[in-house]
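Undergrad: Sequence:
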Amino acid sequence: MAATHMVQPGDTLWGISRLYGVNLDDLRAANNLTADVIYPGQELVIPLAEDEPQEIVPTATLPSVEGGFDLPEVSYTPQDLADLELLARLVYAEARGEPYQGQVAVAAVVLNRVGHPQFPDTVAGVVYQPRQFEPVSNGSINMMPNNRAYEAALEAWQGADPTDGALFFWNPHKVSPTSWVWSRPITLQIGNHVFG
3 MAATHMVQPG DTLWGISRLY GVNLDDLRAA NNLTADVIYP GQELVIPLAE DEPQEIVPTA
63 TLPSVEGGFD LPEVSYTPQD LADLELLARL VYAEARGEPY QGQVAVAAVV LNRVGHPQFP
123 DTVAGVVYQP RQFEPVSNGS INMMPNNRAY EAALEAWQGA DPTDGALFFW NPHKVSPTSW
183 VWSRPITLQI GNHVFG
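Every position in the sequence shown, counted from 1, becomes a number in my numbering once 2 is added.
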(Lines of atoms letter the chains of each structure in order from A; the text may use other names.)
(Lines give C-alpha, C1' and ligand atoms only; values in the text may rest on other atoms or scores of the structure.)
Protein backbone atom coordinates (compact mmCIF):
# COMPACT_ATOMS: atom_id res chain seq x y z
CA MET A 3 0.00 0.00 0.00
CA ALA A 4 1.25 3.51 -0.76
CA ALA A 5 0.05 7.09 -0.75
CA THR A 6 1.43 10.09 -2.60
CA HIS A 7 2.58 13.55 -1.58
CA MET A 8 2.90 16.56 -3.90
CA VAL A 9 6.09 18.43 -2.95
CA GLN A 10 5.43 22.04 -1.92
CA PRO A 11 7.93 24.93 -1.75
CA GLY A 12 9.92 24.56 1.48
CA ASP A 13 9.35 20.80 1.77
CA THR A 14 12.35 18.61 2.57
CA LEU A 15 12.60 14.86 2.21
CA TRP A 16 13.34 14.55 5.93
CA GLY A 17 10.33 16.69 6.80
CA ILE A 18 8.05 14.64 4.56
CA SER A 19 9.32 11.42 6.16
CA ARG A 20 8.45 12.84 9.60
CA LEU A 21 5.10 14.16 8.37
CA TYR A 22 3.98 10.69 7.31
CA GLY A 23 5.89 8.76 9.96
CA VAL A 24 7.97 6.76 7.49
CA ASN A 25 11.66 5.90 7.55
CA LEU A 26 13.75 8.30 5.45
CA ASP A 27 15.60 5.42 3.74
CA ASP A 28 12.26 3.75 2.87
CA LEU A 29 11.01 7.03 1.38
CA ARG A 30 14.18 7.36 -0.72
CA ALA A 31 13.88 3.75 -1.91
CA ALA A 32 10.19 4.08 -2.81
CA ASN A 33 11.05 7.03 -5.05
CA ASN A 34 14.37 5.74 -6.47
CA LEU A 35 16.22 8.70 -4.93
CA THR A 36 19.95 8.60 -4.33
CA ALA A 37 20.06 12.13 -2.86
CA ASP A 38 17.69 14.22 -0.77
CA VAL A 39 17.01 16.77 -3.51
CA ILE A 40 13.30 17.23 -4.28
CA TYR A 41 11.39 19.89 -6.22
CA PRO A 42 8.03 21.64 -5.82
CA GLY A 43 5.44 19.86 -7.95
CA GLN A 44 7.23 16.51 -7.71
CA GLU A 45 4.93 13.66 -6.68
CA LEU A 46 6.47 11.33 -4.11
CA VAL A 47 5.30 7.84 -3.25
CA ILE A 48 4.80 7.42 0.50
CA PRO A 49 5.36 3.76 1.44
CA LEU A 50 3.02 2.33 4.05
CA ALA A 51 3.11 -1.04 5.79
CA GLU A 52 1.01 -3.62 3.94
CA ASP A 53 -0.75 -4.87 7.05
CA GLU A 54 -1.67 -1.47 8.45
CA PRO A 55 -4.28 0.42 6.44
CA GLN A 56 -3.81 4.07 7.31
CA GLU A 57 -5.42 7.33 6.40
CA ILE A 58 -2.82 9.93 5.50
CA VAL A 59 -3.51 13.26 7.18
CA PRO A 60 -1.30 15.96 5.64
CA THR A 61 -0.97 17.94 8.89
CA ALA A 62 0.86 15.25 10.92
CA THR A 63 -1.93 15.20 13.51
CA LEU A 64 -1.58 12.80 16.41
CA PRO A 65 -4.79 10.90 17.15
CA SER A 66 -6.54 10.58 20.50
CA VAL A 67 -5.50 7.64 22.63
CA GLU A 68 -8.12 5.41 24.19
CA GLY A 69 -7.99 5.22 27.95
CA GLY A 70 -8.86 8.69 29.13
CA PHE A 71 -6.22 11.08 27.79
CA ASP A 72 -5.37 12.81 24.55
CA LEU A 73 -2.01 13.33 22.94
CA PRO A 74 -1.31 16.94 21.97
CA GLU A 75 -1.98 17.78 18.35
CA VAL A 76 1.20 18.58 16.44
CA SER A 77 1.24 20.15 12.99
CA TYR A 78 4.22 21.20 10.93
CA THR A 79 3.85 23.72 8.12
CA PRO A 80 6.21 23.74 5.15
CA GLN A 81 7.93 26.75 6.78
CA ASP A 82 8.37 24.77 10.01
CA LEU A 83 9.99 21.97 8.04
CA ALA A 84 12.29 24.42 6.23
CA ASP A 85 13.25 25.96 9.59
CA LEU A 86 13.97 22.51 11.07
CA GLU A 87 16.10 21.65 8.05
CA LEU A 88 18.15 24.86 8.42
CA LEU A 89 18.44 24.35 12.17
CA ALA A 90 19.71 20.78 11.62
CA ARG A 91 22.24 22.08 9.09
CA LEU A 92 23.56 24.60 11.60
CA VAL A 93 23.69 21.97 14.37
CA TYR A 94 25.61 19.62 12.09
CA ALA A 95 28.04 22.31 10.92
CA GLU A 96 28.66 23.77 14.40
CA ALA A 97 28.45 20.73 16.66
CA ARG A 98 28.67 17.43 14.78
CA GLY A 99 31.53 16.22 16.99
CA GLU A 100 29.86 17.30 20.21
CA PRO A 101 27.71 15.25 22.63
CA TYR A 102 24.05 14.98 21.65
CA GLN A 103 22.99 17.31 24.51
CA GLY A 104 25.46 19.88 23.16
CA GLN A 105 23.81 19.64 19.75
CA VAL A 106 20.39 20.24 21.33
CA ALA A 107 21.91 23.22 23.15
CA VAL A 108 23.23 24.76 19.91
CA ALA A 109 19.75 24.49 18.37
CA ALA A 110 18.22 25.97 21.52
CA VAL A 111 20.50 29.03 21.29
CA VAL A 112 19.18 29.73 17.79
CA LEU A 113 15.57 29.37 18.94
CA ASN A 114 16.25 31.51 22.03
CA ARG A 115 17.48 34.24 19.70
CA VAL A 116 14.34 33.95 17.55
CA GLY A 117 12.30 34.77 20.64
CA HIS A 118 14.56 37.63 21.82
CA PRO A 119 13.94 41.25 20.72
CA GLN A 120 17.63 41.91 19.98
CA PHE A 121 17.72 39.30 17.21
CA PRO A 122 15.76 38.52 14.02
CA ASP A 123 12.44 36.75 14.62
CA THR A 124 12.95 33.85 12.21
CA VAL A 125 15.32 30.89 12.18
CA ALA A 126 16.74 31.96 8.81
CA GLY A 127 17.13 35.54 10.05
CA VAL A 128 19.10 34.36 13.08
CA VAL A 129 21.24 31.82 11.21
CA TYR A 130 22.10 34.20 8.36
CA GLN A 131 22.58 37.29 10.53
CA PRO A 132 26.00 38.67 9.50
CA ARG A 133 29.05 37.53 11.50
CA GLN A 134 27.12 35.28 13.87
CA PHE A 135 27.85 31.72 12.79
CA GLU A 136 31.10 30.61 11.17
CA PRO A 137 29.44 27.84 9.09
CA VAL A 138 27.53 30.53 7.17
CA SER A 139 30.74 32.35 6.23
CA ASN A 140 32.75 29.21 5.42
CA GLY A 141 29.95 27.39 3.56
CA SER A 142 29.70 24.37 5.86
CA ILE A 143 26.05 25.35 6.55
CA ASN A 144 25.36 23.66 3.19
CA MET A 145 26.54 20.21 4.30
CA MET A 146 23.87 17.52 4.57
CA PRO A 147 23.14 16.93 8.27
CA ASN A 148 22.99 13.46 9.76
CA ASN A 149 19.94 12.03 11.58
CA ARG A 150 21.38 12.96 14.96
CA ALA A 151 21.47 16.66 13.97
CA TYR A 152 17.84 16.45 12.83
CA GLU A 153 16.86 14.79 16.11
CA ALA A 154 18.67 17.46 18.15
CA ALA A 155 17.03 20.25 16.14
CA LEU A 156 13.60 18.67 16.59
CA GLU A 157 14.12 18.18 20.33
CA ALA A 158 14.98 21.87 20.74
CA TRP A 159 12.07 22.83 18.45
CA GLN A 160 9.77 20.92 20.80
CA GLY A 161 11.01 22.95 23.78
CA ALA A 162 14.18 21.34 25.14
CA ASP A 163 16.72 23.95 26.26
CA PRO A 164 19.65 22.64 28.29
CA THR A 165 21.17 26.17 28.19
CA ASP A 166 18.45 27.77 30.32
CA GLY A 167 17.88 30.56 27.80
CA ALA A 168 21.43 31.21 26.55
CA LEU A 169 21.78 33.48 23.51
CA PHE A 170 25.40 32.65 22.68
CA PHE A 171 27.79 29.72 22.54
CA TRP A 172 31.49 29.61 21.80
CA ASN A 173 34.53 27.38 21.90
CA PRO A 174 36.79 28.72 24.67
CA HIS A 175 39.84 27.31 22.87
CA LYS A 176 39.10 29.40 19.76
CA VAL A 177 37.96 32.68 21.34
CA SER A 178 40.41 35.27 22.63
CA PRO A 179 40.40 35.63 26.43
CA THR A 180 39.77 39.36 25.89
CA SER A 181 36.70 38.86 23.67
CA TRP A 182 33.47 40.60 24.73
CA VAL A 183 31.73 37.20 24.78
CA TRP A 184 33.42 36.36 28.09
CA SER A 185 31.34 39.14 29.70
CA ARG A 186 28.26 36.95 29.23
CA PRO A 187 27.16 34.96 32.29
CA ILE A 188 28.03 31.33 31.54
CA THR A 189 25.10 28.96 32.05
CA LEU A 190 26.96 25.71 31.29
CA GLN A 191 29.62 23.96 29.25
CA ILE A 192 28.94 20.89 27.14
CA GLY A 193 31.85 19.35 25.29
CA ASN A 194 33.84 22.07 23.55
CA HIS A 195 31.14 24.74 23.78
CA VAL A 196 30.41 27.25 26.51
CA PHE A 197 26.87 28.67 26.64
CA GLY A 198 25.92 32.07 27.96
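Among the hints, erroneous ones may be present.
Here are the simulated SDA-like cross-link-like pairs (lysine to any residue), alpha carbons at most 20 Å apart as the crow flies [what the hints assert, rightly or not]:
1) K176 with Q120
2) K176 with E100
3) K176 with A126
4) K176 with M146
5) K176 with G141
6) K176 with P137
7) K176 with L156
8) K176 with Q81
9) K176 with G161
Please keep in mind that the hints were generated in silico from the structure rather than gathered at the bench.
For clarity, every value in this text was computed on a predicted model and none was experimentally measured.
Undergrad: Which hints from the list above does the structure break, by number from lowest to highest?
TA: The structure breaks hints 1, 3, 4, 7, 8 and 9; every other hint is satisfied.
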